[in-house]
Amino acid sequence: MLPVESAKKKLSFTRCIQDGDLVIVYERYDNMKAVKVCEGSVLENRFGVFKHSDWIGKQFGSKVFSSKGGFVYLLAPTPELWTLVLSHRTQILYIADISFVIMFLEIVPGCVVLESGTGSGSLTTSLARAVAPEGHVYTFDFHEQRAASAREDFEKTGISNTVTVGVRDIQGEGFPDEFSGRADSVFLDLPQPWLAIPSVEKMLKQDGIVCSFSPCIEQVQRASETLRSKFTDIRTFEILLRTYEVREGKMDSFQVEESGSVGSLPCKRRQRLSEGSNEQETTSASVVMARPCSEAKGHTGYLTFARLKCLS
Amino acid sequence: MLPVESAKKKLSFTRCIQDGDLVIVYERYDNMKAVKVCEGSVLENRFGVFKHSDWIGKQFGSKVFSSKGGFVYLLAPTPELWTLVLSHRTQILYIADISFVIMFLEIVPGCVVLESGTGSGSLTTSLARAVAPEGHVYTFDFHEQRAASAREDFEKTGISNTVTVGVRDIQGEGFPDEFSGRADSVFLDLPQPWLAIPSVEKMLKQDGIVCSFSPCIEQVQRASETLRSKFTDIRTFEILLRTYEVREGKMDSFQVEESGSVGSLPCKRRQRLSEGSNEQETTSASVVMARPCSEAKGHTGYLTFARLKCLS
Amino acid sequence: MSENKLHGDAVENPRLTWDGCSVLLDINDGDRLVFSRLSAGAKLKIGNKNCSLQPLIGCPFGSFFRVENGAQGPYLSRYTPSNEGNSIQEQGDCQSKDELRDNRALVDNNKAQSLTGDAINEMRRQGASGDEIVEALIANSATFEKKTLFSQEKYRLKKQKKYAPIVLLRRPFTRSICEAYLKKYPVRIGFLRMDTLCLLLSMANVSANSDVLVVDMVGGLLTGAVAERLGGTGYVCNTYPGGSPYPMDIARIFNFGEEICKRIVRSPLADLFSVQTEKSKVSSHNGDSCSMEIESNEQISSTAGTEEVSLASENMMSDLIPETTYSVERKSSKSAKLGEKAPHEIFSLWKENGFTSLIIAAPELDTWSLVKKILPLLSNSAPFAIYHQYLQPLATCMNNLQVGKMAVGLQISEPWLREYQVLPSRTHPCMQMNGFGGYILSGTKICTNN
Amino acid sequence: MSENKLHGDAVENPRLTWDGCSVLLDINDGDRLVFSRLSAGAKLKIGNKNCSLQPLIGCPFGSFFRVENGAQGPYLSRYTPSNEGNSIQEQGDCQSKDELRDNRALVDNNKAQSLTGDAINEMRRQGASGDEIVEALIANSATFEKKTLFSQEKYRLKKQKKYAPIVLLRRPFTRSICEAYLKKYPVRIGFLRMDTLCLLLSMANVSANSDVLVVDMVGGLLTGAVAERLGGTGYVCNTYPGGSPYPMDIARIFNFGEEICKRIVRSPLADLFSVQTEKSKVSSHNGDSCSMEIESNEQISSTAGTEEVSLASENMMSDLIPETTYSVERKSSKSAKLGEKAPHEIFSLWKENGFTSLIIAAPELDTWSLVKKILPLLSNSAPFAIYHQYLQPLATCMNNLQVGKMAVGLQISEPWLREYQVLPSRTHPCMQMNGFGGYILSGTKICTNN
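Residue numbers (our numbering), protein chains in the order written: chain A, 28 to 339; chain B, 28 to 339; chain C, 4 to 453; chain D, 4 to 453.
Worth flagging that the hints you see were computed from the coordinates, not collected in a lab.
Do not rely on the hints blindly, as some may be mistaken.
As the list claims (entries may be wrong) - When the alpha-carbon atoms are kept at most 30 Å apart in a straight line, the in silico DSSO-like pairs for lysine-lysine are as follows:
no., chain 1, residue 1, chain 2, residue 2
1, D, K408, A, K324
2, C, K162, C, K48
3, D, K48, A, K36
4, C, K52, C, K162
5, C, K354, B, K37
6, A, K324, D, K186
7, A, K336, D, K161
8, A, K257, D, K162
9, B, K324, D, K150
10, B, K36, B, K60
11, A, K336, D, K149
12, D, K186, D, K164
13, B, K60, C, K375
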């Protein structure tokens, strides 16, 4: 996923899909799937059977056809697409929270970032992109199986050189001492983040930043209280993404005759609904219209940021 | 303000401004003022001097001119306009919260409603409209001066037959016993609403509804906790109004020459900025465009509603 | 008490139900919402049981009922819930730490329950109450003890909803009707959200004695909401371009007495103009009066026809208006007639005085063309409010009103509503929300003759 | 450590400032935000005092300073704040009841303070510190004792800000630069909010080694933000239709070292196409190379001219780029050059490979016309993100891309950001917020040749 791991993998007009590549199979905006290309393998979905061998040598972004003539698009993976296709082992963070966290934590190439818990690795993937090529993400989850699955995923997406997954109960034990004073930023997604804060203080470089993600306001209140002794710039945000649906539609243009008199117009009969209506003229113009989708996520969580006070 | 108090005051093509009427002088959407029409009086503002005597006999909705030729519009008062012009003795409620409260409290003509505190009377005015003609609003404020000012306002706006203002510390003393079991709905805007809830239980008819308005979530948490023993359907909302600005504008339609070659077009020189630009053609079309105003109220308060359990 | 007007003149205490009254039944704390008209014959299907609604007649609104197994089969029995129902919330506080404990060890493989469906049916046949079944299920759950207290309560609640459903008797008001339709059948009310609807009513200054002109393409919800606010005074005139009125069935779900129903009238838009232009037309209208009356009756029956069509396509909203109870309503015809053709005498009054408010909820008509025509029917200084799902038609309309100096105080606004879960240690905005309530253009008409 | 690349190659510890480094000065907890370039001669006006910025050189970012009165006049002195600054918050908890107590009796008529302005000046002349003045003001306030603890703290904070201002030394990052401009001079960055900007970067998959094409009509903020993410790898190509590049002064506020500056290039849009069409053109470009180089220098100086014009009209933003420090920057020219004309060899690479990302923030150009032309420059499967203040241009563009089968995964989104005040017993969303962050159209380009 990160061109950094192999310069040859960089997206370009000449870069073609190869055996072993990870591709995102795009059916529709709400239906995508990650597939590892394997000569001899096939993908079967409602559009038919797709031979992987047909894909090899095609550019990313190509439309490919099934035996039945159905088609899908093959896209190059990005952290954003990955977030839409990864397997949910936990609640995951989505693009709005992710992008805000990375900017607010001031993560740039070369940074060292600590994360707990790893969860499904949705944020981790974006963190890896942000610190690459020379920085590193150390991510921890107390759940052994979950950490192992995350490791597999990071191999698959090609970010394993940039990410190290550890099994550790950060709330109980804190981050490992070896990272003391080495972290540029720390991200916490824990039920009781306040328990991890003393460890975060030790890990952060001076002026470093921590972010805690919590769904409930009580968690925010308690974490903020704990942060106040050693941190400054304590700020809490909530971010949501509102999406719009676009349609090309017609709007009836309604007109009442100026005279307003009943039955004065010998107008043509139209559809049944407006039959008997002598006062109405209908004209239509096609326009592109957009409106917010009513199905929306109402809340994901609160993001609390704080910067370690500079006391030296 | 309420036609109910005098049928002759009802808005109509034939109803003219009379001596003693309350009018809303409209300069701009963000600049209005309530004025009591008084033969012989004048209004002076940046547009000049307006003689009240010029206004008498004009319809509501008329444009009237000053000596200098400046103009304003004279509007009939409504609770919505009143909310924009009243004097702020306290933080007031605005239309979004007000209209939601009235609908969610299921207030209809004939209802008896209790309110505390009266504050600047912004909500009270809308409550009065909702219960008129035969219902009544009993509103209480612990601040004597504030209650007196509210009474004056209600005289002025002509709703004093529908509203009674009392001076009382509802948090400390509860509502007066005479209203026991008589209230259809109760509205609380108090710093410690939980203190008033035992009294609210007594005041409400069975199945009656209470609403508590609080800016802080801690107040909501504590009030909700207190409500749980005797109330059901406990729900908390927040409502905001996003306004849009509309402008008629032009959008540059940018075009690059298909050939893409440099210096191939002997096109006319335009303004300095695009000078030397041979690849750009600019066409403009006028369109009406709307976008949200960026200056917005980010929060007013939480509205917590609950319905008295029916135990009889 | 004038409240009686709103709830049928024959009824002494509007806080009790009566034979023929329209009610909202809330099953399992909002899981299902059903509007019904009470009668001896009305039935409601709960789970797989058909229960008579008879026991609900004469009960106070706000009463709870649950299904009991009687000699003649299952019946609805009134009961007073203890505070049990709130136990999740009340225990939440002391277990906040517990709740935050992880459930690493818990494997929920759906094999934890040893009580079979057959065994449950056998218990039922032997007359076990729903609560007893729930207790048995808990006793036979292998994982129940391992769950956190919070998860235990969640499990109990889930089983209670299935085996011991609770029915709550509610008065139908604008807010509950709107909320129920938005949840189950939003298209029918043009996605009009409760907070948007109440803003329309406020912005248009709907108050006692108002003459409110509405264009209601939202099934009668708007008309009903206005009538509720008028409380038997003034008029709400439901107008429509063309020859066919828009359906207003939803207004019939309100428990309006005759007083209020009389104040709900309808009129083709053209008629409002014809009255406006020529006095002579009015008398010619008088001549048409009878035939119009008939026509209006025809319209009602044709509306009824339309209704059945829409009912047929409304299987997904059968919860809202179950066919059984609906047909009861038609037969008993306990509800007063509403939406008659506006009488001629008030036509002239409107001509003379103008309407005092205007509300438009007509997503399928071009806003500006409609407003341009309809605005002159409004009295000067009268406020108006227009609802739409799209911004552009309102922006165009606002711009034209501004340029034409036809109105002041123009504003496009969009309400933004958020509900919260407020529970000890678990307070946050609701995760799922209806994220869009539409747009409103509001303003005040001004005199154009100077 | 690659981080050095980002902060100037000559610097050993990027967590300490150096002579010539660009810093953000946060005065009184966000009340005033000033970007400055540190040097021996740089000065900053705080209140009515001109203080040298020299003492800030070599200090860790995150350090606090306050004004002290020295023999040679006022100077900035580093200090370590105790937890005093948080006292409002920390005391808040125990006084939540107190806070809720009403202040009926309090009449604040501004006559409560008996210490005159002259007396304060006299104290200053005698070398009193700001803190001493604050204490004197409290001692001389007739109402201070009557205030609630919360109001007392508010009073103290207000006086502290005026008489003992605190300067906080910050590293300029995209987030702080964006936040500062949005607060003080939003027009210059096209009202681009921080949360919208970071979405653009994510949606366009900006990562190390990317070749990112940007149309940046937001003063260089977008270009700088992309360069920050590239960290000295790949390229950000700032393109523009017509002959005059858009200003990118804001990119100079970032503390970019030479490595990163080299990766920020610009090119007229036409050149990108000409390279695309004819190989011969490229060599002819080679011939123009020198003159172009000169032209590019001219552009820089003409930009500087423009800058001064805008500075003149920018009194309201003098806080952001004080003229004094700005001229220092020009003279010392410590900051590496950025935004040079793109070298020819990478032109051919772009032609061959296409750009890997596209971001457009061009509110004044018609979106669809621009996108239609520019999209072929993108590699297939490359993501793009387009920012606009109005919905309609993006809707039209999205519709056309869909119809033309040029892209998939198309979505228009609007970020909604809310900041909270989290204090004991006083937690709520902030009352004032920037309520609109603009719209983004995002998607992925697909192959059009099959």
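Right, here's what the structure says about each hint:
1. K408(D) with K324(A): holds, 29 Å
2. K162(C) with K48(C): This hinted pair holds, its Cα atoms lying about 19 Å apart.
3. K48(D) with K36(A): Measuring from Cα to Cα gives roughly 52 Å; hence the hint is violated.
4. K52(C) with K162(C): With a Cα-Cα distance of about 17 Å, the restraint between K52(C) and K162(C) holds, given a limit of 30 Å.
5. K354(C) with K37(B): OK: K354(C) and K37(B) at ~15 Å, within 30 Å.
6. K324(A) with K186(D): holds, 28 Å
7. K336(A) with K161(D): It holds: about 22 Å lies between the C-alpha atoms, which stays within 30 Å.
8. K257(A) with K162(D): Holds. K257(A) to K162(D) sits at ~25 Å (cutoff 30 Å).
9. K324(B) with K150(D): holds, 28 Å
10. K36(B) with K60(B): holds, 20 Å
11. K336(A) with K149(D): Distance of about 34 Å is beyond 30 Å: violated.
12. K186(D) with K164(D): Satisfied, since the Cα-Cα distance of roughly 19 Å is no more than 30 Å.
13. K60(B) with K375(C): Measuring from Cα to Cα gives roughly 29 Å; hence the hint holds.
Figure legend: structure checked against the earlier numbered hints; hints not met, in rising order: 3, 11.
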